[in-house]
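One letter stands for each residue in the lines below.
Number of protein chains: 4
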Amino acid sequence: MSSNSLGTIFRFTTWGESHGTAIGVVIDGCPPLIPLTETDIQPWLDKRRPGQSRFTTQRQEGDKVKILSGVFEGVTTGAPISLVIENTDTRSKDYDDIKDKFRPGHADYTYWVKYGIRDYRGGGRSSARETACRVAAGAVARKILGDSIKICGAVVQIGAHKIDRNRWDWNAVDQNPLFCPDPTAAAVWADDLDKIRKNGSSIGAVVEVVASGVPAGWGEPIYDKLDSDIARALMTINAVKGVEIGAGFGAANLTGEENADEMRMSSDGKPQFLSNNAGGILGGISNGQDITARFAVKPTSSILQMRQTINTAGQNTDIITRGRHDPCVGIRAVPVGEAMIACVLADHMLRQRSLRAAN
Amino acid sequence: MSSNSLGTIFRFTTWGESHGTAIGVVIDGCPPLIPLTETDIQPWLDKRRPGQSRFTTQRQEGDKVKILSGVFEGVTTGAPISLVIENTDTRSKDYDDIKDKFRPGHADYTYWVKYGIRDYRGGGRSSARETACRVAAGAVARKILGDSIKICGAVVQIGAHKIDRNRWDWNAVDQNPLFCPDPTAAAVWADDLDKIRKNGSSIGAVVEVVASGVPAGWGEPIYDKLDSDIARALMTINAVKGVEIGAGFGAANLTGEENADEMRMSSDGKPQFLSNNAGGILGGISNGQDITARFAVKPTSSILQMRQTINTAGQNTDIITRGRHDPCVGIRAVPVGEAMIACVLADHMLRQRSLRAAN
Amino acid sequence: MSSNSLGTIFRFTTWGESHGTAIGVVIDGCPPLIPLTETDIQPWLDKRRPGQSRFTTQRQEGDKVKILSGVFEGVTTGAPISLVIENTDTRSKDYDDIKDKFRPGHADYTYWVKYGIRDYRGGGRSSARETACRVAAGAVARKILGDSIKICGAVVQIGAHKIDRNRWDWNAVDQNPLFCPDPTAAAVWADDLDKIRKNGSSIGAVVEVVASGVPAGWGEPIYDKLDSDIARALMTINAVKGVEIGAGFGAANLTGEENADEMRMSSDGKPQFLSNNAGGILGGISNGQDITARFAVKPTSSILQMRQTINTAGQNTDIITRGRHDPCVGIRAVPVGEAMIACVLADHMLRQRSLRAAN
Amino acid sequence: MSSNSLGTIFRFTTWGESHGTAIGVVIDGCPPLIPLTETDIQPWLDKRRPGQSRFTTQRQEGDKVKILSGVFEGVTTGAPISLVIENTDTRSKDYDDIKDKFRPGHADYTYWVKYGIRDYRGGGRSSARETACRVAAGAVARKILGDSIKICGAVVQIGAHKIDRNRWDWNAVDQNPLFCPDPTAAAVWADDLDKIRKNGSSIGAVVEVVASGVPAGWGEPIYDKLDSDIARALMTINAVKGVEIGAGFGAANLTGEENADEMRMSSDGKPQFLSNNAGGILGGISNGQDITARFAVKPTSSILQMRQTINTAGQNTDIITRGRHDPCVGIRAVPVGEAMIACVLADHMLRQRSLRAAN
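Chains as they are written, first to last, in the numbering used here: chain A, 1 to 359; chain L, 1001 to 1359; chain G, 2001 to 2359; chain P, 3001 to 3359.
There's no promise every hint is true.
[As the list claims (entries may be wrong)] Distance condition first, Cα-Cα at most 30 Å in a straight line; then the derived DSSO-like pairs of lysine-lysine:
| no. | chain 1 | residue 1 | chain 2 | residue 2 |
| --- | --- | --- | --- | --- |
| 1 | A | Lys64 | P | Lys3162 |
| 2 | L | Lys1143 | G | Lys2150 |
| 3 | L | Lys1066 | G | Lys2270 |
| 4 | G | Lys2150 | G | Lys2162 |
| 5 | P | Lys3099 | G | Lys2270 |
| 6 | G | Lys2099 | L | Lys1066 |
| 7 | P | Lys3099 | A | Lys66 |
| 8 | A | Lys47 | A | Lys93 |
| 9 | G | Lys2066 | L | Lys1064 |
| 10 | A | Lys99 | P | Lys3066 |
| 11 | A | Lys162 | A | Lys150 |
| 12 | L | Lys1150 | L | Lys1270 |
| 13 | A | Lys143 | P | Lys3099 |
| 14 | L | Lys1270 | A | Lys99 |
| 15 | L | Lys1066 | L | Lys1162 |
| 16 | A | Lys99 | P | Lys3143 |
| 17 | A | Lys93 | P | Lys3066 |
| 18 | L | Lys1093 | L | Lys1066 |
| 19 | L | Lys1064 | L | Lys1150 |
| 20 | G | Lys2162 | L | Lys1066 |
| 21 | A | Lys66 | P | Lys3066 |
| 22 | A | Lys270 | L | Lys1099 |
| 23 | L | Lys1066 | A | Lys162 |
| 24 | G | Lys2162 | P | Lys3162 |
| 25 | P | Lys3099 | P | Lys3162 |
| 26 | A | Lys66 | P | Lys3093 |
| 27 | A | Lys66 | A | Lys47 |
| 28 | A | Lys66 | P | Lys3064 |
| 29 | L | Lys1143 | L | Lys1099 |
| 30 | P | Lys3099 | P | Lys3143 |
| 31 | A | Lys64 | P | Lys3064 |
| 32 | P | Lys3064 | P | Lys3143 |
| 33 | L | Lys1099 | G | Lys2066 |
| 34 | L | Lys1099 | G | Lys2143 |
The hints are simulated quantities; they were obtained by calculation from the structure and are not laboratory data.
Just chain A, same shape as in the assembly (with noise of 0.2 Å):
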């Protein structure tokens, strides 16, 4: 059944195989009137491409994005937008030894038994290319929202190892290669990595996403609430075990005096909450504060240590995987999980925008 469509009235539909042609994505709803070339797209891309540290992957993918659709004389007209990378690095040979083993902690198993065939030239359409496409949607997403709605992810975890969140500094996160908001745990998690990486094992991570700017009101009871659709799409991210929203996990203990995010007016005669234990999500709709979403990202799970396995034909054998990967899939996640919540946020703008002509 179709199933690589998100969102309804923003919607967008990836495409393409890790070592095919080009992958691509397919946005539809994107109102019109709105300026939009690819340079407002590349930056984001940038941000997620391959081969730029010694912490990620060194497939070297220049994720040079094409508008082919949806933009005339420099703005979007309504029409469906459809936006292209091509794949110039790959070397599926890299696969051939493993074709017909499944590599643990892969789909591989679970893909051959679905579909009763599987594309395992570099994980085929479960491998974490997808996400490109999911970035460049998410940058169309970011122009739909306006500039006063800011959407910035980072990594809280690596391993065992949490930042200290007093140390938390924005400007941080760009200035190194793991998206660290705190410099000194940043340090650290880069002498980790790099034993990890010497080992040929990995490693796993959390990120936090923040989306400040949004306006009370977004989010549809009860189904498409702004929290399920949030957990819904950073679930859908290649390796990513868990989701919480605000306090997440850490509620459960709470006392509901701890718990419940308390109110005054403020001096300027806004409503305002007193603690954001909510994660600025209240019954499933924004409540006005930050919007609070961490991810789990399990470990890579490509790694060069000799692992059990079986093979198709259903008889036990070893695997190494070879090929280049990242030993924390984790650190390229923030762009991917940045996107997502700008595509779920555009959503439900313009779903909102549907519910109250007057507003």
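Chain A is already provided as a structure; the job is to place chains L, G and P on it using the hints.
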């Protein structure tokens, strides 16, 4: 925009408010020829029903379900199944003195901003009473799934106290009013909850749901993955702030070799996994292992302690939420969580059926 | 697969069988703050209600609608609106002797093949009784559209007799039981129908619906065009075999210069069209002119004449369909057709609202 | 709102403008393991391709299709199939002098009102060039349907001249450039079209599509009926103003006993119908007979005669639409109509598969 439905092939739509005449659900896409009577549904509603122990709200609702359509001579016909539950024990006057105030932690403020109106009686549409409809839909979903698939939930944490997983006993779950699989923890929790209740406070919880017997191959990349659909569905439950699959957030602290579940052929010639950090899902597709999901439930926001808030006139005020409330709403979330998983699985079972006729 | 809903932003779901306890509709996506009571809905149901003249079925149904949710203190809240109509005059025994036979022209055979079961009492789910739910949904849609948009239907052909369009009088439509805008034709039709009824036969009809006051800009290329959504909606009505917009099939016999509606600025400075072959829709988008749609309704298949058929055992047999039936089901299709147009327009009104905030 | 997709389980999304770089379609929901190469698609595109006779536009497009994803080692994988066709013969300058004028009968005015912008080059998104993508999707749909289902279309009326159905010869359809099943009519039409073309005029047409081999049981009441999905799909084709199934509008002039198709067991023990006024569909579900649909195509709106119109500044003006155009756009609608029926049928084939595993 329409937002009260969940699912694609198996799709249900709920309606009704906490203090209205009735609540109900229309289940569309149920295959024909499945035996179905009210007695297939009622036990699951009884499990969720309020007023059954001192640890849940004292509202007394019979929650008697009636089938109004879609069943003929004892079996489903393929036509939509309309289920209705009357509201009988509404005490709307409890809410008169708070009708202009926004209860902290509730959806009062956000509904008011979004819709420009809110039904203040018991939370109206945002009440957890709506979850009775989910449980009814889940009962039908279980009939579709058949007896070979078991979906069982349990509370695994209340406040700071987690169960000892070594003591996990599924039989214990039905023997205490807290759905706790660890009898020792259940006793501790009961003491804690008595204190919390007497304080007019509340506490959060974590619920775990396990689905066993699910064959490999269900779930649809990229945007309708089994885990993303589960995450979405669980996050739509009132008060849920986090969802995780398998190792979940713990995966952040694992290395690739610790995390990726190795495979071996079993003695009976079937593929097996040597661990289950994946929680039964790889690449968004079930792998034949138990599917394990956990979700965090925040403490009940309705508490008997004085809190700061504002009113609809934009003035500071205070509030105590009287009425009848659960000291730990996570407890009654167990059958709801089970129901959501059942609905997602039934949908994906039918989706997979459409994919490969020969299977 | 779920298939009992129509619409995207404004979406309704119907349920119920001809001889079940009740029928109903859940309307999701109605904006908040719209005044709504049963008295807004009942008159439209009364217009469709059976048993009101000798030209329609003698089944006596009060068709009293109840609002079960979604309305608070007299206005909509944005929550789903559940409407229920009880079935009161079911005579299921009428159907006992045909329960194993497939009535020619009915859905008996196809339901039986598709679902492996059919509710033979009055056609079950395939009965035109379901259209009462559409009419109820249409009444809510009209409230969303507001008073500036008028949607009026009329019968324009019964059997071989078409109305004389020069005599078209909208006031006449409500003054005869045939919804005929041409009083002269109405008299002829009445005579014909009396003969047809006495013969135990039936006859087909063509219905026209005109929506005036629709602003230019509604409808969404390429696959949710206003005309394609109208065509779909009308074709879902029981017994409808054809749909046309504007010049319709007559356009096949026009030249380009005859067909394409020329434009001029009106004296009040507004764009106007000099003809309306387009039926108010160009490129799938409303152009500000009257939207005109026609649909053909086949003769009632339940007739008192002996017909050849087969039974569920695969044997040849004969059948006479007794029960109470309309000699021309096209007559009561008028309010149903109006309702479908209203629902499609309300959906596209809200869709357009999401597109351009500034409009 | 997103509106460039059609279908549920089998779902395609088109993109691209008449004079952009390329056009394309993403097909999602195609089952795996279906052999597919460009050569399965190209012949259908060639059938629709412009410039092949004097009766169609002289724009020369190779319409060479490329598969960019979803196929691995010659078979589909279940991943989305991205198809691209380059635009090569665009002469955008033809449109410079009409870029501020609204062409009568075209979507120029409505796009401009709806979106506030329009790509005037060849009609932009509203151009019938988009239908090449539908034909490509239809080719994939045919592969899913398999060889036992045949979908064939023909022109049955041009202007006032209908074919003689007694002379119907499917072999003739491919032997004349007008897709006419009646060689005598084809000769008359050719003469007429020559005159029309020389006059710079155009003419309408009626197209009939027949699908044979469709088993009973496809189509889903109430709102996704097979005939309503067909009506919607056909009505989305550019210039289509009417759709009918089986007896269609002719059913208005039939009595119940003339219309309702009687049944008998055939000599080989299978149910058969003695006539086909239903056009193969009863109650929205296929009955095993040929599915017959007809649609009316208005005359090409681009003609070489002077017409009255207005411009974007709100002034009266005149217009002649030069460029290269079809004198009867209904001719090239034949392969497009076939493709739409193929797509609808493939979707419903997969939908039915999900309903009843045991069948």
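Comparing the hints with the structure gives:
no., hint, result
1, Lys64(A) x Lys3162(P), "54 Å, violated"
2, Lys1143(L) x Lys2150(G), "46 Å, violated"
3, Lys1066(L) x Lys2270(G), "56 Å, violated"
4, Lys2150(G) x Lys2162(G), "24 Å, holds"
5, Lys3099(P) x Lys2270(G), "20 Å, holds"
6, Lys2099(G) x Lys1066(L), "26 Å, holds"
7, Lys3099(P) x Lys66(A), "26 Å, holds"
8, Lys47(A) x Lys93(A), "28 Å, holds"
9, Lys2066(G) x Lys1064(L), "20 Å, holds"
10, Lys99(A) x Lys3066(P), "26 Å, holds"
11, Lys162(A) x Lys150(A), "24 Å, holds"
12, Lys1150(L) x Lys1270(L), "20 Å, holds"
13, Lys143(A) x Lys3099(P), "27 Å, holds"
14, Lys1270(L) x Lys99(A), "20 Å, holds"
15, Lys1066(L) x Lys1162(L), "38 Å, violated"
16, Lys99(A) x Lys3143(P), "27 Å, holds"
17, Lys93(A) x Lys3066(P), "24 Å, holds"
18, Lys1093(L) x Lys1066(L), "28 Å, holds"
19, Lys1064(L) x Lys1150(L), "24 Å, holds"
20, Lys2162(G) x Lys1066(L), "48 Å, violated"
21, Lys66(A) x Lys3066(P), "17 Å, holds"
22, Lys270(A) x Lys1099(L), "20 Å, holds"
23, Lys1066(L) x Lys162(A), "52 Å, violated"
24, Lys2162(G) x Lys3162(P), "22 Å, holds"
25, Lys3099(P) x Lys3162(P), "37 Å, violated"
26, Lys66(A) x Lys3093(P), "24 Å, holds"
27, Lys66(A) x Lys47(A), "17 Å, holds"
28, Lys66(A) x Lys3064(P), "20 Å, holds"
29, Lys1143(L) x Lys1099(L), "41 Å, violated"
30, Lys3099(P) x Lys3143(P), "41 Å, violated"
31, Lys64(A) x Lys3064(P), "24 Å, holds"
32, Lys3064(P) x Lys3143(P), "19 Å, holds"
33, Lys1099(L) x Lys2066(G), "26 Å, holds"
34, Lys1099(L) x Lys2143(G), "27 Å, holds"
Taken one by one, the earlier hints fail for this structure at numbers 1, 2, 3, 15, 20, 23, 25, 29 and 30, listed in ascending order.
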